[in-house]
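For the protein sequence lines, the chains are G and H, in the order given.
Under the numbering used here, the first residue of the first sequence carries the number 1, and numbering increases by one thereafter.
Under the numbering used here, the first residue of the second sequence carries the number 1, and numbering increases by one thereafter.
Hints were generated in silico from the structure; no laboratory data involved.
Every residue gets a Cβ at the ideal spot worked out from N, C-alpha and C, and that includes glycine.
Keep in mind that a hint or two might mislead.
Capping the alpha-carbon separation at 30 Å, the derived lysine-lysine pairs in DSS-like fashion look like this [as the list claims (entries may be wrong)]:
no.: 1; chain 1: G; residue 1: K80; chain 2: G; residue 2: K186
no.: 2; chain 1: G; residue 1: K35; chain 2: H; residue 2: K136
no.: 3; chain 1: G; residue 1: K8; chain 2: H; residue 2: K136
no.: 4; chain 1: G; residue 1: K186; chain 2: G; residue 2: K246
no.: 5; chain 1: H; residue 1: K82; chain 2: G; residue 2: K8
no.: 6; chain 1: G; residue 1: K55; chain 2: G; residue 2: K170
no.: 7; chain 1: G; residue 1: K186; chain 2: G; residue 2: K50
no.: 8; chain 1: H; residue 1: K136; chain 2: G; residue 2: K50
no.: 9; chain 1: H; residue 1: K257; chain 2: G; residue 2: K8
no.: 10; chain 1: G; residue 1: K170; chain 2: G; residue 2: K223
Under 8 Å between C-beta atoms, here's a sample of chain H residues computed to sit facing chain G [to be verified]:
no.: 11; residue: T38
no.: 12; residue: A39
no.: 13; residue: Y209
no.: 14; residue: N222
no.: 15; residue: I225
no.: 16; residue: M233
no.: 17; residue: F236
no.: 18; residue: L239
no.: 19; residue: V243
no.: 20; residue: V254
no.: 21; residue: F256
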Amino acid sequence: MKGRSLIKDVILPIAIIIAGFAVLSPLSDLVAARKPVVPESYNDTDLFVKGRELKGFVLGTESLVADWYWMRSLQYIGDKVVNSKEDLRLDDLRNLNPRLLYPLLDSATDLDPHFIAPYAYGAMVLPAIDGNQAIAIANKGIASNPNEWRLYQQLGYIYWRLKMYDEAAKVYEAGSKIPGSAAFMKLMAASMKTEGGSRSTARAIYTQMIADAEDEQTRNTAKRLLDQINSMDDVDALNNALAEYKQTSGHCVNELRELEPILLKTTLPAGRDFSVDAQGRIVDPSGAPYGLDRTACTATTPRRPQ
Amino acid sequence: MPNSNFFSTTYAVARNAFREAVRDRVLYNLIVFVLLLTAAAIFLGELTAGQEARVVTDLGLSATLIFGVFIAIFVGVSLVWKELEKRTVYSLLSKPVSRTNFILGKYLGFCVTLLFNTLVMGVVITLALLYVGGAKYIAGVWPAIYLIFLEMTIITGVAIMFSSFSTPALSALLTFFVFVIGHFSSSLRDLAQSMGSDAALVFFNIVYYLLPNFSNFAVISNAAIGQHPPASMLGFATLYAVVYDVILLTITAVIFKRRNFK
């Protein structure tokens with residue numbers, strides 16, 4: 001009797017629990033393998049509820065819903081970047097087909113017109129997708145927040161990216177007149193007219209953006225773009241050194257590190273120095289080594305996703 | 001091997017548990033649900049730029065899940081506790097009703113209540129879809145409703161298990177945590193793999209295998225684009241839910257048998 005009770009009350013329940021958990025894992029895998037996959041295009045389906053339509057219908061939680069649209073826009077671009085199978089070019093993101101970015105940012109700012117982060121993010125990313133949308137979101141921000149000088153900085157940046165230097169100068173000029181604006185705005189207004197397309201102007205813009213950015217996404221994007229400019233400076237300097245080496249020796253180097261004596265005498269813009277990794281290879285700002293095309297005797301930028 | 005008396009006793013407890021839930025006005029939530037879906041079907045046309053059917057599907061199924069989960073948690077934790085609190089469990093267990101009969105009957109009776117609840121909700125969603133001209137979505141809605149019901153049976157099992165040794169408030173909280181973590185467990189495991197930490201990987205693997213994986217039952221996004229899961233997936237999901245329910249009820253029965261009611 002006692003033995004029967006032991007089996008019924010202890011051994012049987014333990015056996016059921018252990019056997020159950022042993023079966024659950026393969027069962028879970030079987031279910032997951034049969035679950036229909038939502039097509040990739042699902043994430044690009046038009047928004048079925050836009051911010052402006054929700055205004056007044058969300059029981060005073062417009063700001064919270066604006067936050068949701070804003071976070072959704074970050075995830076949307078983040079997922080596109082992570083799942084991208086090609087090398088990304090930050091100056092042209094159209095191959096990612098990020099068609100919902102503008103509607104998401106537009107919805108966030110419709111619900112909360114004083115929410116500055118979506119304008120800043122739009123200014124940073126939209127020029128690489130659709131210049132007109134970038135200008136539209138920045139103008140919308142200025143219309144709702146006329147005293148926010150950073151929005152003028154962002155619109156100026158968009159015009160600069162689109163090589164519309166006169167418009168950029170006007171916007172920087174208008175922004176510089178707002179009380180509390182950075183001295184940088186006046187400098188930019190002047191340099192847009194004289195050397196709008198120069199790399200030094202680009203460096204100044206991105207350096208200022210990194211210092212001013214109020215959100216991590218904008219700061220990281222500006223930092224990557226600044227790294228790109230620094231990388232272009234590095235490649236130019238490396239190519240000059242390669243040309244000098246070839247002229248004196250009559251042949252190309254076998255490895256870039258052979259250029260060290262020449263590079264030690266080279267000055268990079270903004271007082272930078274070349275970076276070298278633990279193996280002694282010359283690397284770009286992200287730590288990836290530059291390549292060498294021995295046929296053309298030129299340095300090449302590392303190929304990697306951003 | 002349980003005899004026919006075991007089944008008839010369990011059936012009697014289950015029938016009373018269902019009646020009790022009806023008497024406690026648990027099904028009144030259906031009125032709110034009907035009003036919500038009716039309002040959505042009528043007014044969403046203005047807001048959704050021609051996507052009424054999709055929004056009705058999303059809203060209807062999400063509301064079915066949320067309403068169902070909250071009922072499963074809050075009523076589930078009180079199923080056993082109420083009998084103990086009112087001391088009716090003494091008179092019940094003095095009759096030829098075993099503690100296993102009691103737990104199993106309460107659980108099955110409440111699952112029937114949930115089944116009735118989800119069936120009515122499914123009918124309301126179907127009618128709302130017909131009203132907005134979204135008949136093509138109906139084939140995806142019913143498998144989703146079925147999977148939501150399976151998920152609720154597991155949540156009820158978790159709620160009863162916690163309530164067999166804990167207070168109702170703590171049981172509700174713990175069950176809610178299981179619901180949330182169960183929906184994230186596979187994502188958390190992926191995150192642990194990308195973190196590269198062995199400790200995190202072991203911890204999240206344990207969470208993944210011990211807690212129910214509710215992402216197996218989440219097909220609302222599929223239903224909203226007119227997809228429906230294959231019969232084999234529904235079959236394996238049913239098996240998964242049954243096995244998990246058996247584990248939970250076994251643990252609950254073991255704890256309840258050892259519980260001192262003094």
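Against the structure, the hints come out as follows:
1. At most 30 Å may separate the alpha-carbon atoms for a hinted pair to count; K80 of chain G and K186 of chain G exceed this at roughly 37 Å.
2. Proximity of K35 of chain G to K136 of chain H is assessed by CA-CA distance (about 20 Å); at most 30 Å being required, the pair is judged to hold.
3. For the proposed pair K8 of chain G and K136 of chain H, the alpha carbon gap of about 51 Å is over 30 Å, so the pair is violated.
4. In summary, the hint linking K186 of chain G to K246 of chain G is not supported, as the alpha carbons are separated by about 44 Å, beyond the 30 Å threshold.
5. Taking the CA atoms of K82 of chain H and K8 of chain G, the gap is about 28 Å. The hint holds against a cut of 30 Å.
6. For the given pair, K55 of chain G sits about 34 Å from K170 of chain G by alpha-carbon distance, which is inconsistent with the 30 Å threshold.
7. Taken as a hint, the K186 of chain G and K50 of chain G pair is broken in the structure, with Cα atoms around 38 Å apart against an allowance of 30 Å.
8. With a C-alpha separation of about 24 Å, the suggested pair K136 of chain H and K50 of chain G falls inside the 30 Å cut-off, and the hint holds.
9. Of the supplied pair hints, the one linking K257 of chain H and K8 of chain G holds, its CA atoms being roughly 12 Å apart against a limit of 30 Å.
10. A hinted pair counts as satisfied when its Cα atoms are at most 30 Å apart, and K170 of chain G with K223 of chain G qualifies at roughly 26 Å.
11. The beta carbon of T38 of chain H comes no nearer than 16 Å to any beta carbon in chain G, farther than 8 Å, and the hint placing it at the interface is violated.
12. With a cut of 8 Å, the hint placing A39 of chain H at the interface with chain G is violated, because the nearest CB-to-CB distance is about 11 Å.
13. Satisfaction of the interface hint for Y209 of chain H is found here, the shortest Cβ-Cβ separation to chain G being roughly 6 Å, below the 8 Å cut-off.
14. The closest approach between the C-beta of N222 of chain H and any C-beta of chain G is roughly 5 Å, which is under the 8 Å cut-off, so the hint is satisfied.
15. At its closest, the beta carbon of I225 of chain H sits 6 Å from a beta carbon of chain G; the interface hint therefore holds under the 8 Å criterion.
16. A distance limit of 8 Å between C-beta atoms decides the matter here; for M233 of chain H the minimum to chain G is near 4 Å, and the interface restraint holds.
17. For F236 of chain H, the interface hint holds, the least distance from its beta-carbon to any beta-carbon of chain G being 4 Å, beneath 8 Å.
18. Checking L239 of chain H against chain G: minimum C-beta separation of about 6 Å stays under 8 Å; hint holds.
19. Residue-level restraint check for V243 of chain H holds (minimum Cβ-Cβ distance to chain G is 5 Å; threshold 8 Å).
20. With its C-beta approaching chain G no nearer than about 5 Å, V254 of chain H sits inside the 8 Å limit, and its interface hint holds.
21. Because the beta carbon of F256 of chain H sits about 12 Å from the nearest beta carbon in chain G, more than 8 Å, this interface hint is broken.
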